[in-house]
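Engineer: Residue numbers (full-length UniProt numbering): 1 to 996.
There's no promise every hint is true.
As the list claims (entries may be wrong) - Derived lysine to aspartate or glutamate pairs resembling DMTMM-like cross-links, with alpha carbons at most 25 Å apart:
1. K406 to E721
2. K173 to E149
3. K801 to E696
4. K86 to D705
5. K564 to D627
6. K37 to D14
7. K397 to E424
8. K53 to D704
9. K142 to E98
10. K227 to E262
11. K943 to D991
Hint data in this document are derived by calculation from the structure and do not stem from the laboratory.
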Amino acid sequence: MSLRQDRKNQLVHDALDAGAYKQALQLCNKRIKKGEKNDYLFAIKALILTLIKTGPSYEEALAIAKQLSAKTPPIDSIEVLTTTTKVWSMLGSEHAGEVAKMWERSVKAHPGDEALTREWLWGTVRILDWRGAQKAAMALQKNYPKRREYWFWAVLTCLLLHNSLPDSAVDKKLFGQLAYRMISKSRTDTPTDTTVVLPRAIQTSQEVGLYLEVLPYVAPDSATATKEALELLSSSNLGVDSKIGSGDWWGLVRRQLDLLEESGNWMEVWKACEDLLHGVEVKAKESAAAKTDGEADASEVAKKNDGARIPEAEGETKGRGDDWRVWEGFVKAAGELYNQENKDQGNKALEVILQHRETAKAGTSRNADLALVKFASLFHDHHEGPEGTPTLLEACKEYFTRTGTKSCCFEDLQNYLEMLEMSEKKEFLGFVEKHIEDMDADDEKSKISKTAAQINHHKFVYLLTISPLTITATSTSSEEEVIPKLNDFITSSLKIYVGALPLGSALLDTDNQYGDDAALLSIMGLVRLHLLHSSITSSSTSITAQAPLYQALIILEAIVSKSKHNYQALLLLVRLYLLLGAASLAVEIYPRLNIKQIQNDTLSHFLLTRISTILPAEKKVGAILNDAGRIYESSSSQTPNMLVLAFERGGYAQMMGFIEFSERVAGSVCRSMWEIERRRLDRLGPQQTNKIDDLETLDTVLKDDAVVWDNRDFGVLVNCETEHPPSIPAAEEGGEATKVQKKRFEELFRTSAPPGENWVKAFAVVEKLVVYCKAVITVTHDLPAPGPLSLQPENCTSILKKIQADPETTIEFTEPERDYIEFACLLTAMIQAAIAKDGVTIISSAEKAQSWLSSHTPSPDSVPSGEPEWNTLHAMHLYIDAAILVGAFVAPTLQSPLHKQLHKTIRPAITSLITAATAFHNALLTAASKISKAIADEDGSDKEQELVDRVLELEQGNVGRALRDMSIFGGVEKVVEGVRKIRRDVARAVDGGRKK
1 MSLRQDRKNQ LVHDALDAGA YKQALQLCNK RIKKGEKNDY LFAIKALILT LIKTGPSYEE
61 ALAIAKQLSA KTPPIDSIEV LTTTTKVWSM LGSEHAGEVA KMWERSVKAH PGDEALTREW
121 LWGTVRILDW RGAQKAAMAL QKNYPKRREY WFWAVLTCLL LHNSLPDSAV DKKLFGQLAY
181 RMISKSRTDT PTDTTVVLPR AIQTSQEVGL YLEVLPYVAP DSATATKEAL ELLSSSNLGV
241 DSKIGSGDWW GLVRRQLDLL EESGNWMEVW KACEDLLHGV EVKAKESAAA KTDGEADASE
301 VAKKNDGARI PEAEGETKGR GDDWRVWEGF VKAAGELYNQ ENKDQGNKAL EVILQHRETA
361 KAGTSRNADL ALVKFASLFH DHHEGPEGTP TLLEACKEYF TRTGTKSCCF EDLQNYLEML
421 EMSEKKEFLG FVEKHIEDMD ADDEKSKISK TAAQINHHKF VYLLTISPLT ITATSTSSEE
481 EVIPKLNDFI TSSLKIYVGA LPLGSALLDT DNQYGDDAAL LSIMGLVRLH LLHSSITSSS
541 TSITAQAPLY QALIILEAIV SKSKHNYQAL LLLVRLYLLL GAASLAVEIY PRLNIKQIQN
601 DTLSHFLLTR ISTILPAEKK VGAILNDAGR IYESSSSQTP NMLVLAFERG GYAQMMGFIE
661 FSERVAGSVC RSMWEIERRR LDRLGPQQTN KIDDLETLDT VLKDDAVVWD NRDFGVLVNC
721 ETEHPPSIPA AEEGGEATKV QKKRFEELFR TSAPPGENWV KAFAVVEKLV VYCKAVITVT
781 HDLPAPGPLS LQPENCTSIL KKIQADPETT IEFTEPERDY IEFACLLTAM IQAAIAKDGV
841 TIISSAEKAQ SWLSSHTPSP DSVPSGEPEW NTLHAMHLYI DAAILVGAFV APTLQSPLHK
901 QLHKTIRPAI TSLITAATAF HNALLTAASK ISKAIADEDG SDKEQELVDR VLELEQGNVG
961 RALRDMSIFG GVEKVVEGVR KIRRDVARAV DGGRKK
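Sequences and hints are given; from them, build the entire structure.
Structural biologist: Right, dumping it as structure tokens:
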């Protein structure tokens, strides 16, 4: 390719990178008109046509791709072949076979071109065409037998092809068996003496991992696969202790322990773990002996260790054994063996644990201490065990004594404390409280330690006494008992936080204050107080119920003013602002979380779930949605290169993880959610997200065989909730108690149920129909929506009705969303009837849709009702979108030349529906305006004063007094300012449905 052509091609690539696809196409067409006819120009033009994504562009791209693939003689330019491969990939998976044919023709025409064959492999790997990759890899290993990596590439591609095929595929088993036979030959070729090995023998730990990956797919049953895998891991030439296995020693050891536990061979588990722990014991004794006699040489130390083997190299045992996975397996195996009447192993296990606790250097590892707690828990229910076994209560006390000043103490003991009887729990709390009272606090270091212990104590109090409380007050007595208990917990937590602030004067700006967790515990108490008041008043929007949330927000703002990067506090701020309807403040806080890359898929849901129905008029929301969606674009472009790199570097055992990662990201539920939110935002808001109209995401999720992955992380928020909540007593005598479902803390105050696969499918259908209607008006005949995976309206109707009919699927939807889907079904029925030229059904559906609008129109007399919050905003803006759908669905259908014959018959019903939709839209805007004005008029009013008084309640022991008295919260003026800021933002959010 000449330098001049390179410059011209660069102009096209620059336009592509900028997303200017039409400009790039014009550049190509201009060159073609001038007589330039090179293959690369046509290949890049075809790629551009697939990116434009219209029906005609797909057809032209397909024609060009066929022409290039069938060219004689076959194309030998790697650049042209690679680009054409991308074109076939963009045209759809049904054309995957064309890629293999194209490359095969080229390779056969140039049989000695190794680089061309390799590029064939990389081209198929990049588009995840494992059948094509298997052919390419087999060609490489056959034609170039001296390149050992080609052999293992062939094994891997056979395995990947096997995994990608459906169970019904006749050749699925064939490729699995082929992978197994090839890797088995490599194992056979690996001698005990690894100084001389055959080229295709296993030589790295990654290749051992590949063998282990193959086994589960080809063995007749799991027991056979486990047996062979254990034989491999125990072998002298490929096992965990071999020279080859040392490359991934820990990974193979963990794999061995997992397999042993799966096999139920507890004696072997126990022996394996004991051997690993024995190395740690030897190392600890060696260290102790060296301290006693600094001049003792290694041989003398060995004698003092009763003949125990001392590794020749320090690295041989460095870090080995003292890993919680080993301790956990050791204790579990000891318990299983003890139950099987193998008492010796139980006695020996206790001896090993106690010995490690004695010899371990203080502060180096807590594994042995926690192992003792776990060991005691095995015998807690039956109060038996080897002689000398402490009770679970005694073990927990001892663990707190040694580890109580570390933040990990609570998480380590949480599950075990819940196993205790009620009297034991009270005794433990009393012991911890007494222990903290006796702690010295003479200097700053000891004060910091005491603060950490106090925070752990309060976490235990929440777990054992606050979390089990039912959030429903069933009587006046329970209300009088629970509310003071919550207030005491909240205020005492705040005292710890405020008392610890002077200790953080020397901390960096990026550090959190020592007492932050105590303040977060107060937030947890306030959320429970909010839920309790909501139950008592039968309203989550009453001033009494909302006051604890305002108090929580004031405390959280104080936390982040001192600890600017406390992500727990920032996430809680986002959630609580949304809950109260102050959505703009949530959007303002969100950038401080500094969410990047894959976190957009796991964490951005805290803000962006249903955001288009909460704050459609905020310009920042569109930018955040675009940022959150970039991870999917970057993953689709970067993951293929990562896979190629894994092949080249021999990272075979990691390939499964790479592929699963790419599948999880590509099929993420959030990917579809953000696309739906973006499209709805463009209808409801004044701003445009300026993103190219891309239906691929929605097409993919609507496929029958679509796999939707939920990668959202809900567990990132602090959680001290009990794993075993108590049952609610039966309301009537003789009735059964109701079992309370276990919930994380964040589940207690979600704004709504998390959307899932059914949610994205339902709303993807709505968005597809909007696009369909736009397409209908632009043509003179019945034409489906553009794109290779378009859905016809009748298919959309069946999807919506199927979701509506199943109660288990509708739990993903809010009540307004269920209403919205019902309305969308009526409009879809109209479109379907219009295509069939069924005027009767069009009129009937229009009348039903008009009736729906009438039943959901807000009454002027009832507005405003209650305090606006998340649900109010969500319902209002979603119903506004429903009104907009009438214009998107009905008007284009009426104007299309396709339906001219029906115009006279259906026009009155359609016109009436459009008029009703306009009136419905205006009524919602009027209601929003009234609510917004009512809130705006609150400044200095009695209503505002009532809320402020409730937030600053002076009753002894209440949170309000603490907010007044503790200077960190700024006093009365600061609290009033904070309440007023939130109320003004709620007014702004209510008015967010207007297009300005």
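Engineer: Please flag the earlier hints that this structure goes against, numbers listed from lowest up.
Structural biologist: none
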